[in-house]
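With the hints as constraints, model all of the structure from the sequences given.
Okay, here's what each chain looks like letter by letter:
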Amino acid sequence: MTPEIDYLDWIGRLDSAVLEVFEMMLARSCAPTEKTDSVSRPISARILFSGAIDGEFVLFASRPVAQVTAEFLLGSVSDPDDPMVEDAMGELCNMIAGGWKSKLKTEQAACAISPPTISIPENIETSLGAESGFHRFYSFEGNVFGVQMLL
Amino acid sequence: MRALIIDDSAVMRKVVERALQQSGIDLTEVVQASNGEEALEALRADAASPEKIRLIVSDINMPVMDGLQFLEARRDQNLATGVPVVMITTEGSEPFVLRAIAAGAKGYICKPFTPEQVKARVIPLLEAV
Chain A
1 MTPEIDYLDW
11 IGRLDSAVLE
21 VFEMMLARSC
31 APTEKTDSVS
41 RPISARILFS
51 GAIDGEFVLF
61 ASRPVAQVTA
71 EFLLGSVSDP
81 DDPMVEDAMG
91 ELCNMIAGGW
101 KSKLKTEQAA
111 CAISPPTISI
121 PENIETSLGA
131 ESGFHRFYSF
141 EGNVFGVQML
151 L
Chain B
1 MRALIIDDSA
11 VMRKVVERAL
21 QQSGIDLTEV
31 VQASNGEEAL
41 EALRADAASP
51 EKIRLIVSDI
61 NMPVMDGLQF
71 LEARRDQNLA
81 TGVPVVMITT
91 EGSEPFVLRA
101 IAAGAKGYIC
111 KPFTPEQVKA
121 RVIPLLEAV
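Chains as they are written, first to last, in my numbering: chain A, 1 to 151; chain B, 1 to 129.
By construction, these hints were calculated from the structure, which means they are not laboratory data. We treat Cβ as the ideally placed atom computed from N, Cα and C, and that holds for glycine. Treat each hint with caution, since some may be false.
Stated by the list, open to error - Straight line, CA to CA, 27 Å or less: simulated BS3-like cross-link-like pairs of lysine-lysine:
1. B/52 x B/119
2. A/35 x A/103
3. A/103 x B/119
4. B/106 x B/119
5. B/106 x B/52
6. A/103 x B/106
Claimed, not checked - Take a look, some chain A residues computed to stay more than 10 Å from chain B by CB distance:
7. 15
8. 34
9. 94
Stated by the list, open to error - Label-pair distances were calculated between CB atoms; the ranges are:
10. B/63 x A/64: 26 to 32 Å
11. A/141 x B/24: 25 to 31 Å
12. A/64 x B/47: 45 to 51 Å
13. B/75 x A/114: 25 to 31 Å
The structure is reproduced here in structure tokens:
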């Protein structure tokens, strides 16, 4: 049963978690952004929350942005279809979700998170209009990716 | 120096290896394992190696055998018990840390981390051996 939600508070904590992961693990500045363009060739990493919060935490990006992100994380060049790109998306999702959870209020943080699973959706936009939850876009060096929480 | 890095993510094994190198640790070889069972096998093989593993860095959440189970099995099987183990995890909560320390871990690092944090945790452990 998900407790009463203060979305603004959650989004603020999510911003903090995303920025922290990018600064510490990728040595890159990252900031929230408005995003209207479609995400081409999307790749998404998904983590399930269960307990005080029941929901899906999704990190998504286009394949080229996922590739750039993997390169910054690994410190080496990768191929867009390298399996390390998907692995990197899963690890980033894991770190952001874990960081966000650790920043929640104690009563909300009492939940388990699953290992990340990777999927290649045909179109990520269709799920962004979900009634329950929120999504947020971020940009680093012109590369845009999104985070979505489905409740 | 030989090090054993245990993580089900190949990306994280590479990230940890890079962080150790950036910490100034001269890695001559990195032995990789994707779960605790593979790590135990690597430690058994290490017994016959002329240059021993001197550092173990392990994730906690892994399939097959997780990091806590690995620590307990390593202790029970008396495998490389003098080698310092540092746990790396997103689960920095007290119960996990206490269980890891009780099972023989010498330190832990929460993801996300910086190379400086890795250095601060790992170097004193290597100097103390």
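task: Decide if the proposed pair is consistent with the structure: residue 106 of chain B and residue 119 of chain B, CA atoms, cutoff 27 Å inclusive.
output: Measuring from Cα to Cα gives roughly 14 Å; hence the hint holds.
message: What's the verdict on residue 103 of chain A and residue 106 of chain B, does the C-alpha distance respect the 27 Å limit or exceed it?
response: Holds, at roughly 26 Å.
field: Check on residue 94 of chain A being off the interface with chain B, judged by Cβ distance over 10 Å
entry: The claim breaks: residue 94 of chain A does not keep its Cβ more than 10 Å from every Cβ of chain B (closest is about 6 Å).
- prompt: CB of residue 75 of chain B to CB of residue 114 of chain A, is that within 25 to 31 Å?
  reply: Holds, since residue 75 of chain B and residue 114 of chain A (Cβ atoms, about 28 Å apart) stay within the stated range.
task: Would you check whether the claim that residue 15 of chain A is not at the interface survives, using Cβ distances to chain B and the 10 Å cut-off?
output: 15 Å, holds
task: Verify the proposed pairing of residue 103 of chain A with residue 119 of chain B, using a straight-line Cα cut of 27 Å.
output: 25 Å, holds
query: Would the pair residue 106 of chain B and residue 52 of chain B pass a check requiring their Cα atoms to be no farther apart than 27 Å?
result: 18 Å, holds
message: Would the hint linking residue 52 of chain B and residue 119 of chain B be met if the CA-CA limit is 27 Å?
response: 21 Å, holds
message: For residue 35 of chain A and residue 103 of chain A, compute the direct alpha-carbon distance and say whether it is at most 27 Å.
response: With Cα atoms ~25 Å apart, residue 35 of chain A and residue 103 of chain A stay inside 27 Å; holds.
Supplied distance hint 26 to 32 Å, evaluated on CB atoms of residue 63 of chain B and residue 64 of chain A: 30 Å, holds
- request: Just double-check residue 34 of chain A for me: nearest Cβ-Cβ distance to chain B has to come out over 10 Å.
  value: Non-interface label stands for residue 34 of chain A: nearest chain B Cβ at 25 Å, farther than 10 Å.
field: Distance restraint evaluation - residue 64 of chain A, residue 47 of chain B, Cβ atoms, bounds 45 to 51 Å
entry: Distance hint for residue 64 of chain A, residue 47 of chain B holds at roughly 46 Å.
Of the numbered hints stated above, the single one contradicted by the structure is hint 9.
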